[in-house]
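> Protein chains in written order, with the numbering used here: chain A, 1 to 260; chain B, 1 to 404.
Because the hints were derived from the structure by calculation, they are not lab data.
No residue lacks a Cβ here, since even glycine has one placed at the ideal position from N, Cα and C.
Heads up, a few of these hints could be off.
Listed next, the stretches of chain A that the computed footprint assigns to chain B, with coverage defined by at least 3 CB atoms under 8 Å from CB atoms of chain B [to be verified]:
#1 25–39
#2 145–157
Each computed SDA-like pair below joins lysine to any residue, with the alpha-carbon atoms no more than 20 Å apart [as the list claims (entries may be wrong)]:
#3 B:Lys203 with B:Glu349
#4 B:Lys228 with B:Phe274
#5 B:Lys203 with A:Ser151
#6 B:Lys203 with A:Glu37
#7 B:Lys4 with B:Arg165
#8 B:Lys204 with A:Gly164
#9 B:Lys228 with A:Pro27
#10 B:Lys228 with A:Glu48
#11 A:Lys131 with A:Asp107
#12 B:Lys228 with A:Ser26
#13 B:Lys204 with A:Asp153
#14 B:Lys8 with B:Arg165
#15 B:Lys168 with B:Asp374
#16 A:Lys242 with A:Phe44
#17 B:Lys228 with A:Tyr52
#18 B:Lys203 with A:Gly164
#19 B:Lys228 with A:Asp153
#20 B:Lys228 with A:Ile46
#21 B:Lys203 with A:Glu28
#22 A:Lys260 with A:Ala13
#23 A:Lys260 with A:Asp10
#24 B:Lys228 with A:Ser65
#25 A:Lys242 with A:Pro96
Selected chain B positions facing chain A (Cβ under 10 Å, derived; list incomplete) [to be verified]:
#26 Glu200
#27 Asp223
#28 Asp226
#29 Lys228
#30 Asn229
#31 Gly261
#32 Glu263
#33 Glu349
#34 Trp350
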Amino acid sequence: MSILDKFIRDLTAGRIRVIDLTQTLSPEFPQISLPPEMGQAWPFRIEEVSRYDERGPAWYWNNFSCGEHTGTHFDAPVHWVSGKDLPQNATDSIAPQRFIGPACVLDCSREAAADADFLLTVKWIKGWEKKHGRIPPLAWVLMRTDWSKRSADPLEYQNYDETGQHTPGPDTDAVNFLVGERDLLGFGTESIGTDAGQAYHLRPPYPCHYYLHGAGRYGLQCLTNLDQLPPTGAVVVAAPLKIRNGSGSPLRVLALTESK
Amino acid sequence: MLEKPKRKNPVLRTRLPTLPPAARSRVALGLTAAAALGRFELQQCRDCAMVQYPPREACQQCLSVHLPWRPQPGEGELLSSTVLHHSNDLFFRERLPWRLGLVHLDSGPTVVAHLHGGVPPAPARVRVAARLDRAGQAVLVALPEKETSSMADDRQLREFTCDPRLRKVLVTDGKTATGQALVQALAAAGAELIWVGYAEPWKKFPGFDELNRVSQATLLPLDVTDSKNVRELAAEIGGKVDIVVNNAEHHRAFGISNRSGVEAARAEMDVNYFGLLRLAQEFGPAMRLRGADGLANAVAWVNVLSIYALANFPPHGTAAHSLAQCLRAEMRPAGVRVVNVFPGPIDDEWNQLVPPPKLAAVALANAIVGALRDGIEDVYPGDVAQEWLARWRDNPKALERELS
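Could you put the whole structure together from the sequences, leaning on the hints where they help?
Below is the structure:
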């Protein structure tokens, strides 16, 4: 039996589970918001073309609009100034095998519940490796915070106050460690942004975007269901839309896990 | 004194709106044009100075055809009055008894006027004003000589106005200073219920807590760029809203070369034009059916536009103005009054660098409530707007140059 035959057989038999790590695209789902004088990403919007009616008798369909960075989405290296001149840095030019990789799920949910501004550190990651083993090369490192459970309430999910957004993310050293010493494929979070809400005040501003994309790695944001993944052993498939020179795209992120 | 109307008996049919006679000659529309601005104007002969009534093509004294419209003080004497107990007109049949009178204006002519309930039997001094009736045409109303506190509550007068008292109002954007001033002004004017929309609910905005303290106000998420949101809100409250005040506005680009790309312009169109279109498509049908519901002249729609619309600036403002005109034309057959407001620069965040004089949000809000009360259709609040209106009437081309 070929590997793929076995894969399909295991999938059909339920020995491999498929877990959807994607938030539903809807107009209510909050989008990234920048200071109002800056350019803004479109939120998801949907308009009916016809619904079995005089506009089209037998069919229902919609037009939708959104930004490249709306909903659960992929960040390509070209998204950030540090990655703008890299080869294969956009959604259409990244080699497709790089959309698939093993997942390491770093469960920071307790820390994030205690402190919305929690920053993931090198020490924390090394502590995780002691328990679950060294992060392999070209892994999707997913920071589980359970932040996705707040998404029903946009106010809680965005978590703004007068000093800006408060959501967890990695600190500068943690990003450099994952890129330089663990050769990760990409970094994923449950909040809007791979960087923490207050990361504008870190050095450099938005270090995860800066170093991750500067090294040609990818970002995944607004993930959900990370609590259904094991710390290691899952495989993540995260293929963005093939937009010419796209800086990112909404996408369906799937995780494959082996049933116990 | 006006009292809260009884709840409608739900087993009875909801009556359809009717309109008073709407036909006017072209020259008589001059009366309507002035009344739309809250002014009472009659033709006055340029050659012999005789004031004309009713409007006509040639002076009834010297046959001159030079009859420009001139503001009238409106003071006069009620000569006689009568009460209609029968009418073959559908609109008046439903509103009998109806009181009418003949008023001899101090400026000369004798006019037929609807009588406010506070006008005593003839002979009596009165003030005549022009009002738009529910068909959108000018009629003359005789008011008591002296203003009284509850004058606006008069049953006949309310047929010509949209006083927010005891009405249910939707203000589409509570995030702005204008929106918040509107809520306060409407509450002070006695609105029974004020729904206040606010987009992007995760961004807590200045004034949120104060709005929540207004007992008549209910805050709810409303983003006019989201069709689903507008549709669902209309389904939820559309059957109850008496007055829509659309003040949702997005203004960033200032023309063509100030900002590269079309994104800012598109965002402006999405709020200012498509936002109004979404609101009109979703709230319009229910409001059109409500022309006969509850209180007299129950329904109105207010659009906050910009004085720049006079000179077709900026494109999104012109588009919104054009759509507001369509809305007015489509709403008029149902007796829904569409009030367009053309303020000069408002003293808000986005006009930081505009030098004074700027219109205070409170002044704008009071002007809107005042316009609803007085039955005005086109509102130019504040000195800047009034001046530009005068310049535009004098020479539109000159104003284009002055504004560009």
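> List, from low to high, the hint numbers that the structure doesn't satisfy.
Going through the list in order, the structure violates no hint and respects every one.
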